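Q: Residue-level listing of the chains:
Protein chains: 2
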Amino acid sequence: MSNIKGIQQIGFKQSQEGTTYFHTYNPVEGSQTAYRIAEANEKEIEEAVQLASKASAEFANMGSAKRAQFLETIADEMQVVTDQIVQVYCEESGLPEGRANGELNRTLGQLRKYAAQARSGRIGIPRIDTADVNRQPQAKPDLRKVGVPLGPVVVFGASNFPLAYSTAGGDTASAFAAGCPVIVKGHPLHAATGETVASAIDRAAQKTGMPDGVFSHLQGQGHDLGQKLTQHEQVKAVGFTGSHAGGRALMEMASKRAEPIPVFAEMGSINPVVFLPSALHNRGQYWAEQYAASITLGVGQFCTNPGLMLAVKGEELDGFKKSLLQNLSATSTACMIHPKLAENYNKNRQFLSDVPGVEVLLYSVEGETPVQLNCIQGEDFLRQRSAQTEVFGPSSLLVECQSQEELLSVIDHLEGQLTGSIIYESKDESDLALVQEHLGRRVGRLIHNGVPTGVEVCDAMHHGGPYPASTDARFGAVGGDAVDRWLRPLSYQNCPNDLLPAALQNENPLNLLRLVDGEYTHNAIPPNA
Amino acid sequence: MSNIKGIQQIGFKQSQEGTTYFHTYNPVEGSQTAYRIAEANEKEIEEAVQLASKASAEFANMGSAKRAQFLETIADEMQVVTDQIVQVYCEESGLPEGRANGELNRTLGQLRKYAAQARSGRIGIPRIDTADVNRQPQAKPDLRKVGVPLGPVVVFGASNFPLAYSTAGGDTASAFAAGCPVIVKGHPLHAATGETVASAIDRAAQKTGMPDGVFSHLQGQGHDLGQKLTQHEQVKAVGFTGSHAGGRALMEMASKRAEPIPVFAEMGSINPVVFLPSALHNRGQYWAEQYAASITLGVGQFCTNPGLMLAVKGEELDGFKKSLLQNLSATSTACMIHPKLAENYNKNRQFLSDVPGVEVLLYSVEGETPVQLNCIQGEDFLRQRSAQTEVFGPSSLLVECQSQEELLSVIDHLEGQLTGSIIYESKDESDLALVQEHLGRRVGRLIHNGVPTGVEVCDAMHHGGPYPASTDARFGAVGGDAVDRWLRPLSYQNCPNDLLPAALQNENPLNLLRLVDGEYTHNAIPPNA
Numbered sequence: 001m002s003n004i005k006g007i008q009q010i011g012f013k014q015s016q017e018g019t020t021y022f023h024t025y026n027p028v029e030g031s032q033t034a035y036r037i038a039e040a041n042e043k044e045i046e047e048a049v050q051l052a053s054k055a056s057a058e059f060a061n062m063g064s065a066k067r068a069q070f071l072e073t074i075a076d077e078m079q080v081v082t083d084q085i086v087q088v089y090c091e092e093s094g095l096p097e098g099r100a101n102g103e104l105n106r107t108l109g110q111l112r113k114y115a116a117q118a119r120s121g122r123i124g125i126p127r128i129d130t131a132d133v134n135r136q137p138q139a140k141p142d143l144r145k146v147g148v149p150l151g152p153v154v155v156f157g158a159s160n161f162p163l164a165y166s167t168a169g170g171d172t173a174s175a176f177a178a179g180c181p182v183i184v185k186g187h188p189l190h191a192a193t194g195e196t197v198a199s200a201i202d203r204a205a206q207k208t209g210m211p212d213g214v215f216s217h218l219q220g221q222g223h224d225l226g227q228k229l230t231q232h233e234q235v236k237a238v239g240f241t242g243s244h245a246g247g248r249a250l251m252e253m254a255s256k257r258a259e260p261i262p263v264f265a266e267m268g269s270i271n272p273v274v275f276l277p278s279a280l281h282n283r284g285q286y287w288a289e290q291y292a293a294s295i296t297l298g299v300g301q302f303c304t305n306p307g308l309m310l311a312v313k314g315e316e317l318d319g320f321k322k323s324l325l326q327n328l329s330a331t332s333t334a335c336m337i338h339p340k341l342a343e344n345y346n347k348n349r350q351f352l353s354d355v356p357g358v359e360v361l362l363y364s365v366e367g368e369t370p371v372q373l374n375c376i377q378g379e380d381f382l383r384q385r386s387a388q389t390e391v392f393g394p395s396s397l398l399v400e401c402q403s404q405e406e407l408l409s410v411i412d413h414l415e416g417q418l419t420g421s422i423i424y425e426s427k428d429e430s431d432l433a434l435v436q437e438h439l440g441r442r443v444g445r446l447i448h449n450g451v452p453t454g455v456e457v458c459d460a461m462h463h464g465g466p467y468p469a470s471t472d473a474r475f476g477a478v479g480g481d482a483v484d485r486w487l488r489p490l491s492y493q494n495c496p497n498d499l500l501p502a503a504l505q506n507e508n509p510l511n512l513l514r515l516v517d518g519e520y521t522h523n524a525i526p527p528n529a
Numbered sequence: 001m002s003n004i005k006g007i008q009q010i011g012f013k014q015s016q017e018g019t020t021y022f023h024t025y026n027p028v029e030g031s032q033t034a035y036r037i038a039e040a041n042e043k044e045i046e047e048a049v050q051l052a053s054k055a056s057a058e059f060a061n062m063g064s065a066k067r068a069q070f071l072e073t074i075a076d077e078m079q080v081v082t083d084q085i086v087q088v089y090c091e092e093s094g095l096p097e098g099r100a101n102g103e104l105n106r107t108l109g110q111l112r113k114y115a116a117q118a119r120s121g122r123i124g125i126p127r128i129d130t131a132d133v134n135r136q137p138q139a140k141p142d143l144r145k146v147g148v149p150l151g152p153v154v155v156f157g158a159s160n161f162p163l164a165y166s167t168a169g170g171d172t173a174s175a176f177a178a179g180c181p182v183i184v185k186g187h188p189l190h191a192a193t194g195e196t197v198a199s200a201i202d203r204a205a206q207k208t209g210m211p212d213g214v215f216s217h218l219q220g221q222g223h224d225l226g227q228k229l230t231q232h233e234q235v236k237a238v239g240f241t242g243s244h245a246g247g248r249a250l251m252e253m254a255s256k257r258a259e260p261i262p263v264f265a266e267m268g269s270i271n272p273v274v275f276l277p278s279a280l281h282n283r284g285q286y287w288a289e290q291y292a293a294s295i296t297l298g299v300g301q302f303c304t305n306p307g308l309m310l311a312v313k314g315e316e317l318d319g320f321k322k323s324l325l326q327n328l329s330a331t332s333t334a335c336m337i338h339p340k341l342a343e344n345y346n347k348n349r350q351f352l353s354d355v356p357g358v359e360v361l362l363y364s365v366e367g368e369t370p371v372q373l374n375c376i377q378g379e380d381f382l383r384q385r386s387a388q389t390e391v392f393g394p395s396s397l398l399v400e401c402q403s404q405e406e407l408l409s410v411i412d413h414l415e416g417q418l419t420g421s422i423i424y425e426s427k428d429e430s431d432l433a434l435v436q437e438h439l440g441r442r443v444g445r446l447i448h449n450g451v452p453t454g455v456e457v458c459d460a461m462h463h464g465g466p467y468p469a470s471t472d473a474r475f476g477a478v479g480g481d482a483v484d485r486w487l488r489p490l491s492y493q494n495c496p497n498d499l500l501p502a503a504l505q506n507e508n509p510l511n512l513l514r515l516v517d518g519e520y521t522h523n524a525i526p527p528n529a
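Sequences listed follow chains A and B, in order. Take the first sequence: its letter number 103 is residue 103 in the UniProt record's numbering, and every next letter is one higher. Take the second sequence: its letter number 479 is residue 479 in the UniProt record's numbering, and every next letter is one higher.
Check the hints yourself; a few may be wrong.
You can't tell identical chains apart in this list, so a pair holds if it fits in one copy or across any two.
To be verified - Dumping the calculated SDA-like pairs for lysine to any residue here, alpha-carbon to alpha-carbon at most 20 Å: (1) Lys256 / Ala245; (2) Lys43 / Gly222; (3) Lys256 / Asp472; (4) Lys256 / Ala34; (5) Lys207 / Ser409; (6) Lys140 / Gly518; (7) Lys54 / Gly416.
It should be emphasised that the hints constitute simulated quantities derived from the structure, not laboratory data. Because the structure is a prediction, the values reported are computed rather than measured.
Looking at chain A on its own, in the form it has when it is part of the complex (with noise of 0.2 Å):
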């Protein structure tokens, strides 16, 4: 479209001073789209950052009031151009409409709940432990603690996930929703997109009074911006989702640095599912026609794409492998969203096929991008490491292991991964605890009776996982508790009341959830406890 203009968002201003240029592409026409794009220039790098830092005690002073404002005015302004975004982000991915209007509805839910819970103050709790000016054999000091916001921080877009995971996604919100300037690394696969978003949050940021650079939006194709700003020592932690080599890449840059500074990465996962005997003799079908539509949703092209399928050998398994290979071959799929993703795709597909003991079941071309299913046993999975490798696109591995010893030793062999399901018939039946506890060592999310594909956005959700899922297990991208990632605590010893932060004032103004002298309680605390 004629308003992408392929530039630089620098708070703001907008700059194109960078001389090199990429163009996007159209994988469904096959060929780059009209979107000329800037690369982001030395120069510019270092203002979006020094702006950043400039803007960082503004944004974190202003009250989370005025933050849940400009989060609900980003969301506010990307409504108004939902056509322009549907439009560009569907020329530039590939994938269909509904699926791009679906993951914008998702992200402007996203911005909402974290305004919502930046209005509400409700990030981290507060707690407040009373003096004791009595105590024997010292006085006990007043002292108070709450988050306060790391400063800028960087947000790396990903490329399944055009609006979601990018430029106003989970990453941008949660750190704004904490009081952090946000510099985005647009994904150059869908740069357009990403100015699209950009000058939303950038109309958002002026109408709403946020401090000039409390965002930008930079534009490159290399791994030189990304470095560069993740070696910025004005900036204060990193947010990604993408590739193993790209997240361990930045985190390892990360602890190198002068100052070492987190590195929040999600860096993908092959999602083990266990079938137990129940299940396929009963519904074999069903989880059969339910699992080859997960393997293939959106062309496959998710982190929580089940990738491994564990069952012990029997008639059952013959049964659902026989019902899954009906199924996937049957399924069409669309073009993937870039070539590039394609010739990864094949490149891991053959790597995995290549792996001694996996034989493959089914290597079907009915659509523009093939669909793969094979299998390996039990004892050669645990041979083999590689056999765990990730082959992001439609593509499955069954292992088939002798018993459920076996099954469990494969689930302790696995990597860390985002999520891990169970599929059975009776919550009853004996060996679910035992595979639910085995499995739940490996994984973030244990899902019963369902597919991994589909992340609900809900404080009860972790999305992230044990190594090498994501970079710390203990932290991910979706929910509420993204928001703690970008907040260090700051304690107040025997500060006047005036001079507290208001979430710890006696007077609960924000009327907080705290915890008091151990206790959780919204009560006020008297003048001279």
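Got chain A sorted already, so can you dock chain B onto it with the hints?
A: Just chain B now, with coordinates in the frame of chain A:
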């Protein structure tokens, strides 16, 4: 004492397979103690880690009430051998009996606080989002999230706190509360004190039916033991209190592992103190007494020692300086914990004295350890990064600023700190809020009209700070939140009620505060919610 064996505690077993030995040192007598300590060999290290790994599942699943009993029994068992602990502590550290008793009481208090926290189940706050099967376009699943232990944790004892930050200190107690087995690397300067405490932990573990391997205590002088533990693939996190070089090295080592793990290192600080003119004018003498005492407390061997004082030049400051000099020169110090610490102290004192612009105001050799007070002009301080060197011992540097503006620049120029203190007369002073804001960006705890030494153990205490005070500003080793360091979230999606951990069951059998559909409540959830 005769019952120090100089052995490793490996699970329930006492082991002495190493063939290298070292003695601890009595700094008061100036000679080595009778305690000959064996260093752990490779086989013993491996055994301890494997046992811890094996114990992980049972310890995680046993329920927090039983872990609470374990923690309380550790305190009880330590109390039984109070006399022995205090005697060996004083021998190995040269610290007075009063300090030993005080630190022991603090340590017992910490253990009992973490026990109470575990018993109440108040560890993280469980999140529950109930299902909505009628939601369109798709049903909303039931999601419930709770913290699960990371697995074996390695704790490095601190040289300057043989009890409160060592074998049964805050890192160990909080990891037990979280459900993680602990392997302590005993600090070599007080290895026999460590053994005495380790025996008490072992007795408590056996009495309360803990799994073998829930605790091990390994001894070693060099870096080798700590490196092997940090790099072992079964180790899932590290707690450390000590030097910057040590903490940094462990952090980088941990980030290069095949599976990176978090290292929570608290690495010291120079704890800036800002004196506003009003305070120096009205109560200069009082504050000089307070600070002379704080600088020399415990021969300055605290990470909260006030190593930096800032004030604007003038008559008030001159009077304060004079008074501080008088008080400091009248203070007679004891010996340091170990000749190595004294040697480092003297080296760093000399290094700081040689920084351009630094002037030695006092070098007092009244006691066994020299007391030193230096001063520097604000403009020189701003030019010399090395003026921020931590001198671990009874020493402080006074920065004389030309103006309030320069003082703020000096604050902005500071590295991350554990604490920052502000001394003033009235909360209505014009500069106070500004100083608090600037100082608040650099520190983990802001102290009003007090001294930084003395760390109250409570939920609202944050003992940590921006790098280099800690490797991760978001966490500290003191207070209830220290437990969260050792947990990762696990979400359960559509899990039958019986199969959920107690914290997440509908009936709320542990009577926990929970975040249910966005509201904090103790209420049970109706069965078909």
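Q: Indicate, hint by hint, whether the structure satisfies it.
A: Results of checking the hints against the structure:
no.	hint	result
1	Lys256 / Ala245	both (17 Å within a copy, 13 Å between copies)
2	Lys43 / Gly222	within (17 Å within a copy, 47 Å between copies)
3	Lys256 / Asp472	both (17 Å within a copy, 13 Å between copies)
4	Lys256 / Ala34	neither (40 Å within a copy, 43 Å between copies)
5	Lys207 / Ser409	neither (57 Å within a copy, 33 Å between copies)
6	Lys140 / Gly518	within (15 Å within a copy, 35 Å between copies)
7	Lys54 / Gly416	between (39 Å within a copy, 18 Å between copies)
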